[in-house]
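Enquirer: Letter by letter, the chains look like this.
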Amino acid sequence: MAVSETIEVRGHILDSLVLAKILDLIVDAGADYCLLDLDVGRSNANPSVARLAVTAADEAALARLLAELHPHGAAPVDAADATLEPAPADGVLPAGFYATTNLPTSVRAGGRWIDVGRPEMDCALVVDVGRSTAAAVPMHRVAAGDPVLVGIGGVRVRPREKPRGARAFEFMTSEVSAEKPKGLLVARVAERMRAAREAGGRLLVVPGPAVIHTGAGAHLAALVRGGWVDALFTGNGFATHDIEASLLGTSLGVPVDGGIGGEDPAANHLRAINEVRRWGSIGAGVEAGRLRDGVMFECVRRGVPFVLGGSVRDDGPLPDVVTDVVAAQDRMRTHLDGVRLALMLASTLHAVAVGNLLAAEVEIYCIDINQAVVTKLADRGTSQALGIVTDVGLFVRELAEALGA
Amino acid sequence: MSALAWGRRYLLCPPDHYEVAYEINPWMHRDVSVDADAARRQWDGLVTALAEAGAAVELIEPVAGLPDMVFTANGAAVDGWRCVQSRFLHPERGPEAEHFGRWFADHGYEIRHLPPTAHLEGAGDVLPFGRRLLGGYRSRSDFAGQTALAQLLDLEVLPVELVDPRFYHLDLSFCPLDDRRALVVPEAWDRYGRQVVEALVPEPIVLEPDEAASFCANAVVVGSTVLLPASTSRLDGVLRGLGFDVGVVPVGEFLKAGGGVRCLTLALDVSLAETAS
Numbered sequence: 001m002a003v004s005e006t007i008e009v010r011g012h013i014l015d016s017l018v019l020a021k022i023l024d025l026i027v028d029a030g031a032d033y034c035l036l037d038l039d040v041g042r043s044n045a046n047p048s049v050a051r052l053a054v055t056a057a058d059e060a061a062l063a064r065l066l067a068e069l070h071p072h073g074a075a076p077v078d079a080a081d082a083t084l085e086p087a088p089a090d091g092v093l094p095a096g097f098y099a100t101t102n103l104p105t106s107v108r109a110g111g112r113w114i115d116v117g118r119p120e121m122d123c124a125l126v127v128d129v130g131r132s133t134a135a136a137v138p139m140h141r142v143a144a145g146d147p148v149l150v151g152i153g154g155v156r157v158r159p160r161e162k163p164r165g166a167r168a169f170e171f172m173t174s175e176v177s178a179e180k181p182k183g184l185l186v187a188r189v190a191e192r193m194r195a196a197r198e199a200g201g202r203l204l205v206v207p208g209p210a211v212i213h214t215g216a217g218a219h220l221a222a223l224v225r226g227g228w229v230d231a232l233f234t235g236n237g238f239a240t241h242d243i244e245a246s247l248l249g250t251s252l253g254v255p256v257d258g259g260i261g262g263e264d265p266a267a268n269h270l271r272a273i274n275e276v277r278r279w280g281s282i283g284a285g286v287e288a289g290r291l292r293d294g295v296m297f298e299c300v301r302r303g304v305p306f307v308l309g310g311s312v313r314d315d316g317p318l319p320d321v322v323t324d325v326v327a328a329q330d331r332m333r334t335h336l337d338g339v340r341l342a343l344m345l346a347s348t349l350h351a352v353a354v355g356n357l358l359a360a361e362v363e364i365y366c367i368d369i370n371q372a373v374v375t376k377l378a379d380r381g382t383s384q385a386l387g388i389v390t391d392v393g394l395f396v397r398e399l400a401e402a403l404g405a
Numbered sequence: 001m002s003a004l005a006w007g008r009r010y011l012l013c014p015p016d017h018y019e020v021a022y023e024i025n026p027w028m029h030r031d032v033s034v035d036a037d038a039a040r041r042q043w044d045g046l047v048t049a050l051a052e053a054g055a056a057v058e059l060i061e062p063v064a065g066l067p068d069m070v071f072t073a074n075g076a077a078v079d080g081w082r083c084v085q086s087r088f089l090h091p092e093r094g095p096e097a098e099h100f101g102r103w104f105a106d107h108g109y110e111i112r113h114l115p116p117t118a119h120l121e122g123a124g125d126v127l128p129f130g131r132r133l134l135g136g137y138r139s140r141s142d143f144a145g146q147t148a149l150a151q152l153l154d155l156e157v158l159p160v161e162l163v164d165p166r167f168y169h170l171d172l173s174f175c176p177l178d179d180r181r182a183l184v185v186p187e188a189w190d191r192y193g194r195q196v197v198e199a200l201v202p203e204p205i206v207l208e209p210d211e212a213a214s215f216c217a218n219a220v221v222v223g224s225t226v227l228l229p230a231s232t233s234r235l236d237g238v239l240r241g242l243g244f245d246v247g248v249v250p251v252g253e254f255l256k257a258g259g260g261v262r263c264l265t266l267a268l269d270v271s272l273a274e275t276a277s
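Residue numbers (my numbering), protein chains in the order written: chain A, 1 to 405; chain B, 1 to 277.
Treat the hints with care, as some may be off.
[Unchecked claim] Just so you have them, the derived chain B footprint on chain A, three or more residues with Cβ under 8 Å:
1. 5 to 14
2. 66 to 74
3. 101 to 113
[Unchecked claim] The following residues of chain B were derived to be distant from chain A, with all beta-carbon distances above 12 Å:
4. Arg30
5. Trp81
6. Pro116
7. Ala148
8. Leu149
9. Ala150
10. Glu156
11. Ala199
12. Ile205
13. Val206
14. Glu211
15. Ser233
16. Asp245
Bear in mind the hints are in silico, worked out from the structure with no lab data behind them.
Even glycine gets a Cβ: it sits at the ideal position worked out from N, Cα and C.
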């Protein structure tokens, strides 16, 4: 993870070539610099002052470089502690609060740098100096009196490296492309999932109803069964169609594997919802042996946590749906620790919602027939998402095959 | 071309307590014993040579337990009546700074102090050339010391990095001869330092490796007389060709501690600020 530090050197640094030497040392070390400020002495006797932002590959490289620069008079600009102010009321931030990005962030408090636990965009930073912790906290979760960071002093945000998956996709000139061989893309995503898993990371899947409509439900279920899904975030629609397909063989009334779908198929999804409401919950239906296959069934059986977030368009909804959207966000946050890779499968609103919650370090692959979804994600700050424009049904089937699920 | 405007008044310290008691440079070896009588004779010879060349000599009282006080060049950086008290890198020489500071205060100099973390070993690492000071750093003095010096004296200091441990002070690799010439030992500096000196000194006289290693640059210049701890026929010829009188002052007992003629003297008549104004 690239890290930066602002350094300053003052003295007769121009004619003595000391500044030139410092710049050369930075470049020779494989680091980068940005000259922020150069105040040239008015006369020969007046010293000059240069301020540089130095960026190195990681903390260790930066520390080595700073140690190398120090004998030549270049020293980090004395960083001041961040300013903290108590939140005036529950759910209300002090004026001038610092709004977070999803990038790795450190806060200087108590004279040292504290890493923000799990970066999340559009939050406030609550800093516990005593415990040396800093957390990105959404507005509604801030309690009166919480020490909230205000202003931008004492904050260090590290720019995103090339996404870890980027190398796999280097042949793509754009981040979204419909013009690429899909088989190759599927193989690369499978490879990244294996790598994330081997690195001890968890895999998150955010599927939309089209996964079921396109007949890929069974393949996604196979991925869950095969252990390739550690958390699943979706809405009422996806879960309903998955259960509808299991109970009635249709998705929104349309048969998913042939057949005619019975009488009044247009109401099948309502019948499915009604069944689950009768059971009390999806889990209760699985336990009672009423729900015997499908993605939701596999999640329940394998203990894969899922969050169904509600919306104003929902029918029913299923009893498992969290209809308070803010509560749904919070429920999702509880399952994000350790997530290294997320698959957004033909889901627009949930993909954007989950993208908002994910740190920039999480690899995101967004599979959609419509490239607008990826654009939407990127426009909202989830710039690390890589898009694959294709039919999600075919993609999930091939992915399941590639992973041997 | 004009002769140096300084170099006619020096502070020296009699070698009463001089010995090689520790090793803080590659020349020092504790198993090499100093002949105290020879050292005294050589030091007296230096005083005589300075006087004969037309320089005035002032003395500071030697202090027992501070054998290197004899190397007065490191005692302070002087400009006019302003004096920047040294701070030595090695604790062995640390206490010298105050003794020199007291001498300068007693003689009416205005004492200026370095910030607590900076090191500067006096004129050993700071030599005037024209209206500027050339400063050596990263051996004994540090960048902070040179920067502080510039600030305290309001003078331009060009710090050059010393990279050869044999030439641990600037005065082992640089000796101004007049306003256009200097004896130089480029291998003592990093490539940036070499460029800086190249730009600073119009006619550098580059010493041969054996001349550099025999401390030829650690010389003093009194008007048109150059007093060196050693010379070669080549260097003699060059200097004489430029109109200098050459005097070799044997100080072999002091070379055992890594110091030559310049190290044993501190010029008291450098006055760049006045020249500049």
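Enquirer: Now tell me, hint by hint, if it's right for this structure.
Expert: To see whether the hints hold, each was checked on the structure:
Only when three residues or more bring their CB closer than 8 Å to a CB of chain B does the claim for the region 5 to 14 of chain A stand; here the count is 3, and the claim holds. Using a Cβ-Cβ cut-off of 8 Å, 3 residues of the region 66 to 74 of chain A lie near chain B, which meets the minimum of three, so the contact claim holds. A count of 0 residues in the region 101 to 113 of chain A with a Cβ less than 8 Å from any Cβ of chain B is obtained; the coverage claim is therefore unmet, three being the minimum. Distance check on Arg30(B): its Cβ is at least 29 Å (rounded) from any Cβ of chain A, clearing the 12 Å threshold; non-interface status holds.
With a minimum CB-CB distance of about 18 Å to chain A, Trp81(B) clears the 12 Å threshold, and the non-interface call stands. Distance to chain A confirms Pro116(B) as a non-interface residue, since its nearest Cβ pair spans about 15 Å, more than 12 Å. Look at Ala148(B): its CB is around 9 Å from the nearest CB on chain A, not clear of 12 Å, so calling it non-interface is violated. For Leu149(B), the condition that its CB be more than 12 Å from all CB atoms of chain A is violated, with the nearest at approximately 10 Å.
A cut-off of 12 Å between C-beta atoms contradicts the statement that Ala150(B) is not in contact with chain A; the least separation is 6 Å. Non-interface status of Glu156(B) relative to chain A is broken: a Cβ of that chain comes within 12 Å, the nearest being about 5 Å off. The Cβ of Ala199(B) sits about 8 Å from the closest Cβ of chain A, inside the 12 Å cut-off, so the non-interface label is violated. Chain A leaves Ile205(B) outside its interface by the beta-carbon criterion, the shortest separation being 22 Å against a cut-off of 12 Å.
The beta carbon of Val206(B) is kept farther than 12 Å from every beta carbon of chain A, the shortest such distance being approximately 19 Å. For Glu211(B), the shortest C-beta to C-beta distance to chain A comes to about 26 Å, beyond the 12 Å cut-off, and the non-interface label holds. Listed as a non-interface residue, Ser233(B) keeps its Cβ farther than 12 Å from every Cβ of chain A; the least gap is roughly 35 Å. Annotated as non-interface, Asp245(B) keeps its C-beta farther than 12 Å from every C-beta of chain A; the closest such distance is 33 Å.
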